[in-house]
Structure formats: C-alpha cells, structure tokens
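Hey, can you work out the whole structure from these sequences and the hints?
There are 2 protein chains.
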Amino acid sequence: MDATLPRKALFDIPNGVIYLDGNSLGPLPKAVPAQVEKAMQSEWGGQLIKGWNTCGWMAQPGLVGNRTARLIGADDGSVMMGDTLSIKVFQALAAALKLRPDRRVILSDSGNFPSDLYMAEGLIDTVANDYDLKIVAPDKVRGAIDDTVAVVMLTHVDYRSGRMHDMAGLTKAAHRAGAVMLWDLAHSAGAVPVDLTACQAEFAVGCTYKYLNGGPGAPAFIYVRPDLIETVEPALAGWLGHDRPFAFEQGYRPAPSIDRMRVGTPPVLQMTALEAALTVWDDVDMADVRIQSITLADLFIREVEAHCPTLRLASPRNAAERGSQVSFAHPDGYAIMQALIARGVIGDFRAPDLIRFGITPLYLDKDDILAAVGILRQILDSDAWKDPEYQKKQAVT
Amino acid sequence: MDATLPRKALFDIPNGVIYLDGNSLGPLPKAVPAQVEKAMQSEWGGQLIKGWNTCGWMAQPGLVGNRTARLIGADDGSVMMGDTLSIKVFQALAAALKLRPDRRVILSDSGNFPSDLYMAEGLIDTVANDYDLKIVAPDKVRGAIDDTVAVVMLTHVDYRSGRMHDMAGLTKAAHRAGAVMLWDLAHSAGAVPVDLTACQAEFAVGCTYKYLNGGPGAPAFIYVRPDLIETVEPALAGWLGHDRPFAFEQGYRPAPSIDRMRVGTPPVLQMTALEAALTVWDDVDMADVRIQSITLADLFIREVEAHCPTLRLASPRNAAERGSQVSFAHPDGYAIMQALIARGVIGDFRAPDLIRFGITPLYLDKDDILAAVGILRQILDSDAWKDPEYQKKQAVT
Numbered sequence: 001m002d003a004t005l006p007r008k009a010l011f012d013i014p015n016g017v018i019y020l021d022g023n024s025l026g027p028l029p030k031a032v033p034a035q036v037e038k039a040m041q042s043e044w045g046g047q048l049i050k051g052w053n054t055c056g057w058m059a060q061p062g063l064v065g066n067r068t069a070r071l072i073g074a075d076d077g078s079v080m081m082g083d084t085l086s087i088k089v090f091q092a093l094a095a096a097l098k099l100r101p102d103r104r105v106i107l108s109d110s111g112n113f114p115s116d117l118y119m120a121e122g123l124i125d126t127v128a129n130d131y132d133l134k135i136v137a138p139d140k141v142r143g144a145i146d147d148t149v150a151v152v153m154l155t156h157v158d159y160r161s162g163r164m165h166d167m168a169g170l171t172k173a174a175h176r177a178g179a180v181m182l183w184d185l186a187h188s189a190g191a192v193p194v195d196l197t198a199c200q201a202e203f204a205v206g207c208t209y210k211y212l213n214g215g216p217g218a219p220a221f222i223y224v225r226p227d228l229i230e231t232v233e234p235a236l237a238g239w240l241g242h243d244r245p246f247a248f249e250q251g252y253r254p255a256p257s258i259d260r261m262r263v264g265t266p267p268v269l270q271m272t273a274l275e276a277a278l279t280v281w282d283d284v285d286m287a288d289v290r291i292q293s294i295t296l297a298d299l300f301i302r303e304v305e306a307h308c309p310t311l312r313l314a315s316p317r318n319a320a321e322r323g324s325q326v327s328f329a330h331p332d333g334y335a336i337m338q339a340l341i342a343r344g345v346i347g348d349f350r351a352p353d354l355i356r357f358g359i360t361p362l363y364l365d366k367d368d369i370l371a372a373v374g375i376l377r378q379i380l381d382s383d384a385w386k387d388p389e390y391q392k393k394q395a396v397t
Numbered sequence: 001m002d003a004t005l006p007r008k009a010l011f012d013i014p015n016g017v018i019y020l021d022g023n024s025l026g027p028l029p030k031a032v033p034a035q036v037e038k039a040m041q042s043e044w045g046g047q048l049i050k051g052w053n054t055c056g057w058m059a060q061p062g063l064v065g066n067r068t069a070r071l072i073g074a075d076d077g078s079v080m081m082g083d084t085l086s087i088k089v090f091q092a093l094a095a096a097l098k099l100r101p102d103r104r105v106i107l108s109d110s111g112n113f114p115s116d117l118y119m120a121e122g123l124i125d126t127v128a129n130d131y132d133l134k135i136v137a138p139d140k141v142r143g144a145i146d147d148t149v150a151v152v153m154l155t156h157v158d159y160r161s162g163r164m165h166d167m168a169g170l171t172k173a174a175h176r177a178g179a180v181m182l183w184d185l186a187h188s189a190g191a192v193p194v195d196l197t198a199c200q201a202e203f204a205v206g207c208t209y210k211y212l213n214g215g216p217g218a219p220a221f222i223y224v225r226p227d228l229i230e231t232v233e234p235a236l237a238g239w240l241g242h243d244r245p246f247a248f249e250q251g252y253r254p255a256p257s258i259d260r261m262r263v264g265t266p267p268v269l270q271m272t273a274l275e276a277a278l279t280v281w282d283d284v285d286m287a288d289v290r291i292q293s294i295t296l297a298d299l300f301i302r303e304v305e306a307h308c309p310t311l312r313l314a315s316p317r318n319a320a321e322r323g324s325q326v327s328f329a330h331p332d333g334y335a336i337m338q339a340l341i342a343r344g345v346i347g348d349f350r351a352p353d354l355i356r357f358g359i360t361p362l363y364l365d366k367d368d369i370l371a372a373v374g375i376l377r378q379i380l381d382s383d384a385w386k387d388p389e390y391q392k393k394q395a396v397t
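Heads up: the protein sequence lines correspond to chains A and B, in order.
Mind the numbering: the first sequence is residues 1 to 397 in full-length UniProt numbering, read in order.
Mind the numbering: the second sequence is residues 1 to 397 in full-length UniProt numbering, read in order.
Hints were generated in silico from the structure; no laboratory data involved.
All C-beta atoms, glycine included, are put in the ideal place defined by N, C-alpha and C.
Check before you lean on any hint, since a few could be wrong.
[Stated by the list, open to error] Taking CB as the label site, the calculated pair distances span: (1) A:Asp-243 with B:Arg-142: 30 to 40 Å; (2) A:Arg-142 with B:Phe-248: 20 to 30 Å; (3) B:Arg-290 with A:Lys-134: 47 to 57 Å; (4) B:Leu-228 with A:Glu-249: 25 to 35 Å.
[Unchecked claim] Footprint (simulated), chain A over chain B, 3 or more residues, beta carbon under 8 Å: (5) 14 to 23; (6) 29 to 37; (7) 50 to 58; (8) 74 to 87; (9) 193 to 202.
Quick look at the structure:
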C-alpha cells in the first residue's frame, strides 16, 4: 500500500522543492492558514475576550493533546500541549525527581539533544544540592542503570544519526532498577510507531514542529502515565494547572487531571495552527508510515552508496535501529548541503560533518528520493559544492 | 491633546461593541492578520526551514523585546520575549534568589496575581529547602521588607481593583534592606508609564495580550537590569539561551546578553502577531496615554456614581494610585456584567462581586465612556440584569 501519495496534496510545498528536512521543521499543511485566519478574524477580532468561552480556546490544549496521544500510543487525557519542549523537559524531570526523593542521579546519554541536558543542569543548579547528571555513551546506558539512578532521561531517536533506542527494553531496565523513565519523542512523534501505554514509561515529552508539521515554534507536549497523573507535583505551578484557575485562590491546588501540567495562558494562534496541521493525520496508521519510511530510507541509502562513494553512512544500516532520518558524513558536508539547498533539495547540516535527510512518507515518494539522489550525485560528480558561495555560514544551520 | 481617536482606526473592533476589557485581552490590531498570513504562507510555506535565517525568526524575540522596552522605560537589549508570564515569573524569581543566597524569604502581597504566587510555591517546593513565601496585605509590604527578605515580588497594578503600587518607593525600600526587586507589569505595560531604568529594579516581567494587544496567548517578556545580565543564572537553561546554540555543546554556557533568558524555540506565528500589534504604539508617548486614561477613568467614575448608586467604587479614587482600569462592586456583579456584554459593553467580572472596566485610550474616547455608562444605567434602572439568562456561569469568567 502506498498511503503517502494522496497526502502530498495536503501540503503546500513550493514547486521544485524536494523537502527532506521535515525532521527539523515540517512543511505547511494547506489546512493551516484558513484556520489561523479564522482564529484571528472571527475569534479574536469578533469574539474578543469572549473567545475563551465561545471559541473553546481554554479546552484546546487538552483536545490537541488527545489528537497527539493517538500518534504516540497514549490514552485520551494523558497528553497536554503547551510551552516549548525545553520547558516540558524541565517539568517532567522535576516531577520525576520528586517520585524518587532518595536517589540523586539523572542518567542520560551523549546522544541526547543538548537542550535536554542543559535543562537538567539548570534544574540541578536551581535545586542546589547533590544531584548528579551522569552522561554516558548511548550504548552504555543499559549498563549504567543501577539503584542510584532516580531518572533515566533519553531522546528516543538521536537528532544527528537517527539511531533509535530500544524504548521497551530500556524502560524495562529502568523500572527493574527502580528508576523513573522519561522519553523525549522529538524525533519520534509522527516519525515512528511509539506505544507509551505498552512500554509503561512514566513521562514523555516532545515537540510538534518536526514530523507533526505544527509550524515554527509550535507548542510542545507532555505525557504523564495515567496512574501517576493525580500524584505528580508540578514544579511549574502555573494558574492554568490549578484545580480552579478562575477562583483565583491564593494557594496552589493542582487539577486532578493532566491539566495540572498546564502552566500559563496557551498560545491560541499557534495552537490553532497545530490543531489544523494534525488533521493531516486523520486515518493515518503509524504502522503504514513506518513501512513506507523504511522503504524510502533503504532506497535512499542504497542509491547514495551506489552513486556517491565519498559519502559515509552515519545512520544505522539496520532499519530497526533507525528512526525516520538518514545521515551521511563528509568533511565538506556543510558546502554539499548548501549546494543541495540551492538546487531545491532541502536537508540540513549538523557539525562537524553530517548532512541529514528527513524521510517523511506523508509528502515524499520514491520519485522524490530518486530525484534527490540524482541531484546529490551531480553535485558531487561535478564538484559543484566547491563554489565559495556554499562555504558561507548561515546564522542558523 | 486627544491622541486617541486617530488610533481607533488601527483596531478591528466589531460594530456596536464598546470594549472595556483591554486589561484582559486587547482587541485585534488591523495590522496583524496580513503579517501572520505572510509568516504562514511566504515564510513557513515558502522558505520552510530556511525561514530561521532568511526571515529573521531567530532574532525576532529580541527585536520585539526592544519594541516593548521603550514602553516600560528599559534600554535596548534588556528585554526578551518568550514563553508565558508564569514561566517568566519562575525564571526571574529563581535568578533573583541566586543573587541573595543567604536569605530565605520571598515577600509578596495578597493583591498579587495568583499565578505569581503559585509559581513561587512551585519553585520553593522544587528547591525543597527552607524558603518562605510571605504574603502580606498590599499596604503592609513596605513595613514587611527587612533584611531576611531575598526578593520582593509584586504586581504593580492589582488585577482586581486597579490599585497601583509606588514602584520607585518600594524598589528603594527593597534595596535599602538589601533585597532584590521583581515587578510584574502585566497590568502596567501599555497602561501606565513605567521607568525601569530610573527605579533600578533588578527584574520585571509582563504579558503582552492585555494593553499591548498581542493576541490570545501572546508571548511574555522578561527584563533584567543591564548591569546584571552577564551574571544572572538561568534556571530554565534552554538551548536558545546558550552562548552558541547551534554548536550543540554538551554543557550549558549562557549567552553574554539578554539572550540567556531565552529557553526554547520561539512561537513564530504568535511573535509575528505581537510584532505587528506593537506597531500601533509607534510614536505613542506613554505620558499622553496616561493623561487620557485618567481623564476617561475619572469621567467614568463620576458618571457611574452619579447615575448608578447601587454600585460601589472598588478602585482607588485618587488617579495617582490607580492603574488603567476601574472596578465597581455589586453583589450581583456577575449578572450585571452578563447583561452589559449582551448589550455590547464588554468588561469582565472577578469573584466575588467585582465588575472591571479597562480604560484604553488607544481605542476608547469620551463618547464610548458616556455610552457605556448610559447602558449600565439602563440595565440597573430597569432591573434587566435579573433575567435568569444572565445568572448562567461561563467556564471562563
């Protein structure tokens, strides 16, 4: 089954562009602008303050949470949208530490996205005590889980290589040692099947501007395992997490639902863009996305290795150990990527030498993959990337 | 001078509406939809991931911060936009406590917005030590400032009564006692003149969806006194506050600028709406806004007291002690406000008995004030508010 092609028409991708950077910022779903326009003109403009009631703005983060839940194997009422991924990491990590007050180690790995590690550092500095952030190599995590570990905090799919952790196995190992498990699904939600309910992880967080196409700066999500929702303590105890925010009580009493993970006033325009973007996923089965993702990624690897011998595969060859991106290494990767982008093949670069390609079956097909490799091959064969123009650094790379 | 009327045309206010709730959610500036449309279609849609470079998305929070700075008496480079006000309170408070490591009291007042107090509670619970959140009556703050106080955290203008603190005097008192001063300017930015540079407060935070008309869930701001920017420690140590976010270093090193108060990926659509909304303030002098605000508020009080004797003024009568809102108390305030809203006069209600009216000279004039009082008088004289329809509670009030 090729479930992908029909969905390509749901995206607004510029002519001549083959977009292989959906792992960084998903393209614009066509459904988004009209919904955001409506949120501005008839809702904000027409309803003014009444919009909080008449337009459902207050309930929206929970409803969008339920839409997201389906894609990560979570139940309704276990996922809340808001803030940014970094904030959600802080929130989950602080709550996780409270669940293991007698332990002092946060275990993570060097493949984690730096912001997750920075937020852990910031939390430790704020708590100002003897916590230890222990960072090991990704393949050493399992062996490092012992009964000193309070929380194992990992990003499921590595943002550079696409290497994917064994979510079920590592969660089980964490639980065997009495540790809490926190997964960052930034490169997983909408990319690979995730079954939070089955794996029993306590917390998960993620962003929605990558594979979920929510737009630049789209709200993040946090998942709390249902049996813990009524007991986790929110460190970021904002009024919208209060049991009765509009009673304006002086003391904080967390809501008895996933609402306690809310903090401040939700970004209604951005939430509306995300809500519209998620309609693209209606009736999409993540198992079908996965099959197609592997087919396209394997094709991409085979074709690049056949035609571009100077590139070295930097992702796992085994599809079962790989998320939905493929990275190749080349000492001049930066210039090669700039040359690709100039020719409409958009991926991105991560220092020191990685070129990354997001494989997103909702709007990519085999023809796109073959065309992209054809252009890559041409750039390499002709040394086109040596043009000094392609050496110029961008502010954000 | 009546600087107000020319600006009314810059807002999209529905026909028949007199909008007196700009202290809760400002109306839609006409400049907003086209800019957000552009950010969606030509920027996100057309530029895709390149937008971070080609459309200036990364620099936008700082540039919008500078636009906001002018309205609160702050220098360029001292204000950063992002997240929500609750998050910014947490960030400022955590940084403030670090500046006084030998002290254990956070002093606030019962007039503070609950979320500020909740965030302080959450921070204390997270730090898990012997901090004390001391809450006194607003008029007892000055007397409660002593050398045990690490931080004085106050909202400048009370969200219920509009009572305004003496910012310069209280900041001086805090500093005399060796405490750090943190002001919440939610009901001040764009409402009353604020001079952060002159008052020398260390931190200020605020939201932009009230008097600044940034839209529902618009990004918040944080101010750090310029001499402290390079030393304050960010508790929320997100990657965009890093000195070199795109170097993806494993350890956190804060940027040597107000950028260190950034956390995660900025909400580009929402930031664009705010940026467009702030153009309304071009060439507006807050001193002129203040003069007109007092004229309109004094007129409103005079007229209500002359024609609606069952309402009791719940705001300071002295304009110098009042922000830019007027509240009246009535045991049936809720129903009265619903009757007003049904007739196009939009204010809001705060339990147990307050009806609130925001005075926003950018889009209100004397005729609006007189017309609003006329409708209020008619509702009271005719007992129209006793209609059972107006007793029904809304989810968000």
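Is the coverage entry for the segment 29 to 37 of chain B by chain A consistent with the three-residue Cβ rule at 8 Å? The restraint on the segment 29 to 37 of chain B holds, since 4 of its residues have a Cβ under 8 Å from chain A and three suffice.
Hint check for B:Arg-142 and A:Asp-243 - Cβ pair distance inside 30 to 40 Å: holds (33 Å)
Can you confirm whether chain A covers the segment 50 to 58 of chain B, using C-beta to C-beta distances below 8 Å and requiring at least three such residues? Coverage by chain A holds here, the residue count being 6 at a Cβ distance below 8 Å.
Proximity test - 8 Å, beta-carbon atoms, the segment 14 to 23 of chain B to chain A, at least three hits: Since three or more residues must qualify, the claim that chain A covers the segment 14 to 23 of chain B holds, with 4 doing so at under 8 Å.
Between the segment 74 to 87 of chain B and chain A, are there enough contacts, at least three residues with CB-CB distance under 8 Å, for the coverage claim to hold? Satisfied; 5 residues make the cut.
20 to 30 Å as the expected CB spacing between B:Phe-248 and A:Arg-142, which holds or is violated: holds (24 Å)
Should the hint that B:Arg-290 and A:Lys-134 are 47 to 57 Å apart at their CB atoms be regarded as holding? The hinted range 47 to 57 Å holds for B:Arg-290 and A:Lys-134, with Cβ atoms some 55 Å apart.
Apply the coverage criterion to the segment 193 to 202 of chain B and chain A: a residue qualifies when its Cβ sits closer than 8 Å to a Cβ of the chain, and three qualifying residues are needed. Coverage by chain A is violated here, the residue count being 0 at a Cβ distance below 8 Å.
Against the range 25 to 35 Å, how does the distance between the Cβ atoms of B:Leu-228 and A:Glu-249 compare: consistent or not? With a Cβ separation near 33 Å, B:Leu-228 and A:Glu-249 satisfy 25 to 35 Å, so the hint holds.
The structure does not agree with numbered hint 9 stated previously, though it agrees with all others.
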